[in-house]
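Colleague: Given the sequences, and given the hints that come with them, work out the whole structure.
Protein chains: 2
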Amino acid sequence: MSRAIRVCVWGIGAMGAGVIKALSVKKGVEITTVIARGDKVGKRVDELVELLNPLPLIIQDVEEGLRLSNADVAILCTDSFVKTSKDKILACIERKMNVISIAEEMSYPYAADREIAELIHRKAKEHDVTVLGTGINPGFMMDALVIALTSVCTSVEQIEVSRVNSLSPFGKSVMHEQGVGISIAQFYQRQKEGTLAGHVGFDQSMAMMSEAFHIDFDRVEVKNRPIVSSINRVAPHATVDAGDVAGCDMIATAYVNEFPFITLKHPQQVEPQSEGIATGDYITIVGTPPVSMVITPEVDGGIGTIAMAVNSIPAVINAKSGIKTMIDLPLPRAILGDMRLYLEDELC
Amino acid sequence: MSRAIRVCVWGIGAMGAGVIKALSVKKGVEITTVIARGDKVGKRVDELVELLNPLPLIIQDVEEGLRLSNADVAILCTDSFVKTSKDKILACIERKMNVISIAEEMSYPYAADREIAELIHRKAKEHDVTVLGTGINPGFMMDALVIALTSVCTSVEQIEVSRVNSLSPFGKSVMHEQGVGISIAQFYQRQKEGTLAGHVGFDQSMAMMSEAFHIDFDRVEVKNRPIVSSINRVAPHATVDAGDVAGCDMIATAYVNEFPFITLKHPQQVEPQSEGIATGDYITIVGTPPVSMVITPEVDGGIGTIAMAVNSIPAVINAKSGIKTMIDLPLPRAILGDMRLYLEDELC
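Protein sequences, first through last, are from chains A and B.
Here the first sequence is numbered in this note's numbering, starting from 1 and rising by one per residue.
Here the second sequence is numbered in this note's numbering, starting from 1 and rising by one per residue.
To be clear, the hints were calculated from the coordinates, so they are not data collected in a lab.
Worth double-checking, as some hints may not be accurate.
Since the list gives no way to pick out one identical chain from another, each pair is judged satisfied if it fits inside one copy or across any two copies.
[To be verified] Here are the simulated SDA-like pairs of lysine to any residue, each with C-alpha atoms no more than 25 Å apart in a straight line: (1) K123 x P330; (2) K27 x Y188; (3) K125 x A319; (4) K320 x P330; (5) K320 x L343; (6) K265 x Y282; (7) K21 x A278.
Modeller: Pasting the structure below:
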């Protein structure tokens with residue numbers, strides 16, 4: 001068997017730490033570099049991440065981390081957007097590393113910024129590496145899984161996907177992005193100012209499905225309404241008074257010939273159970289045959305994103321160079337055995 | 001755009017007729033030959049298959065059908081087994097046709113007969129064509145979909161899949177294969193004689209998952225018990241007296257270190273609703289995170305198999321030569337637009 005697969009993890013927030021933790025118990029793979037910024041630089045990885053086995057690797061800053069990096073794959077856990085990821089991705093490409101990004105927009109980067117996506121694609125081709133964006137959503141629950149489920153259909157008339165989840169496990173920055181705890185007036189004010197991010201990824205999911213089905217949409221409409229709490233809610237990182245905002249109820253609709261062909265519903269709020277709201281993933285395909293799928297509770301967003309990134313490593317190494325999306329790669333799967341067994345060619 | 005994709009449909013039973021019907025409304029694809037035997041030969045396809053538009057194609061026997069065939073892909077809807085499919089598949093390969101087979105065993109032919117599978121693989125390579133076995137099960141519900149769902153997991157401890165479906169829509173031959181209407185004593189007698197087929201495909205689903213996860217199983221145990229009806233049941237093609245057999249309750253278990261790692265449960269019976277049994281597809285992954293998926297009612301087996309075959313056409317043309325399984329190909333999907341748009345290279 002070839003040498004272990006070498007991975008550079010860039011970013012050591014909740015997602016980066018989770019990737020390190022998941023990789024630390026996999027066979028056939030080793031973490032060679034961890035890149036971060038601020039006061040994390042210079043610390044040992046296992047000081048910051050709770051691991052079963054010691055990992056006496058020193059966290060590096062960007063410059064030194066890239067210089068030391070001698071990895072097959074870099075996993076980027078730093079951004080949500082194509083624009084803010086661009087320089088990091090290009091730096092990895094120039095170091096001849098394949099790239100897996102959990103930036104939501106990178107799951108279908110052409111939908112966010114065609115120019116940057118084309119530049120990344122060209123550079124990846126030049127350096128013979130692959131760039132994949134993945135994650136639980138976008139990346140799987142509201143796009144790749146939906147696409148795979150349609151394979152049992154001879155015709156598809158309409159698709160409705162709903163992911164109902166709790167924001168309670170997330171920290172203060174997510175509470176802010178999703179407007180948790182603010183008043184209805186503040187919600188609309190921030191929406192007007194463009195400072196209410198809500199869910200990032202509808203455009204990516206829709207573009208992936210447009211490509212998968214080879215259907216052009218007339219337009220994609222995205223709506224974001226406040227989820228107004230009728231009771232007081234207390235979450236670990238936010239409190240919501242009755243009448244205030246518990247989260248964002250986002251809906252995207254893709255129209256074909258003025259007909260709503262795909263609808264994605266993604267209400268996210270703190271403590272949904274306090275008002276009797278069951279969380280879950282729901283996919284309904286109106287077609288021949290009809291398909292009605294339910295996953296309850298919803299697939300955990302944090303662990304799911306970490307898993308999608310880690311499980312994509314061999315497929316990204318095996319793939320041809322350039323930007324790939326989840327619909328270009330073979331059927332995704334959990335990596336349970338030695339990761340090297342999943343490689344088509346030995347590493348050298 | 002290139003010329004239309006040319007398809008030869010071999011077999012015009014319920015599945016072959018369904019494939020013809022599905023293809024007849026797709027864009028960018030045309031049926032060039034239909035092969036059958038017996039008194040169907042010489043008849044017009046649209047005499048036997050109810051179609052929206054006339055299809056004045058004459059059904060050919062094997063020899064003449066193969067001689068006339070000038071197709072990119074042959075869809076074989078004739079057999080369940082590798083042994084009985086072998087000659088037909090090799091004949092198609094020699095005519096330079098890619099092959100999609102709905103024979104259950106062809107979904108992972110190495111599990112049924114390694115020698116024949118290797119011969120088919122070698123011949124397919126020689127003639128630069130691809131051979132895929134697919135269908136609803138094996139092919140998707142109890143293997144490919146399970147594998148895809150594990151991609152959200154960082155670890156998987158145990159997998160249980162259950163497909164509970166009704167046999168009522170099927171004809172007399174399925175009633176016989178599944179022992180519907182016979183006594184319990186007859187069930188065990190036929191089981192002893194080896195004339196009770198039940199579900200074909202557990203070995204394929206397990207082998208596909210073994211390869212996908214790179215885990216060797218100690219052994220796979222398959223059990224088949226009678227589903228005994230406590231009431232009289234009347235189905236279109238069978239009647240079952242109280243105390244007699246309504247179908248087969250089949251269970252396959254794959255052991256790893258003597259632990260039941262994967263369990264597949266597939267009870268099939270006529271009129272399950274008459275005893276309050278809800279049909280459905282159920283996938284439970286004990287892992288991190290846990291995943292509990294339900295599709296109710298179950299995905300229709302007949303239409304599902306037809307869809308899997310038709311939707312695989314472009315992926316099979318795009319694939320490298322040799323035998324492929326569902327885990328080798330890109331994410332499966334419904335073909336909704338012009339089928340030629342899904343091709344990587346123009347046909348010539």
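Colleague: Compare the structure with each hint and give your call.
Modeller: Hint check results:
{"no.": "1", "hint": "K123 x P330", "in the structure": "both (23 Å within a copy, 24 Å between copies)"}
{"no.": "2", "hint": "K27 x Y188", "in the structure": "neither (49 Å within a copy, 46 Å between copies)"}
{"no.": "3", "hint": "K125 x A319", "in the structure": "both (12 Å within a copy, 21 Å between copies)"}
{"no.": "4", "hint": "K320 x P330", "in the structure": "both (12 Å within a copy, 13 Å between copies)"}
{"no.": "5", "hint": "K320 x L343", "in the structure": "both (13 Å within a copy, 17 Å between copies)"}
{"no.": "6", "hint": "K265 x Y282", "in the structure": "both (9 Å within a copy, 23 Å between copies)"}
{"no.": "7", "hint": "K21 x A278", "in the structure": "neither (30 Å within a copy, 41 Å between copies)"}
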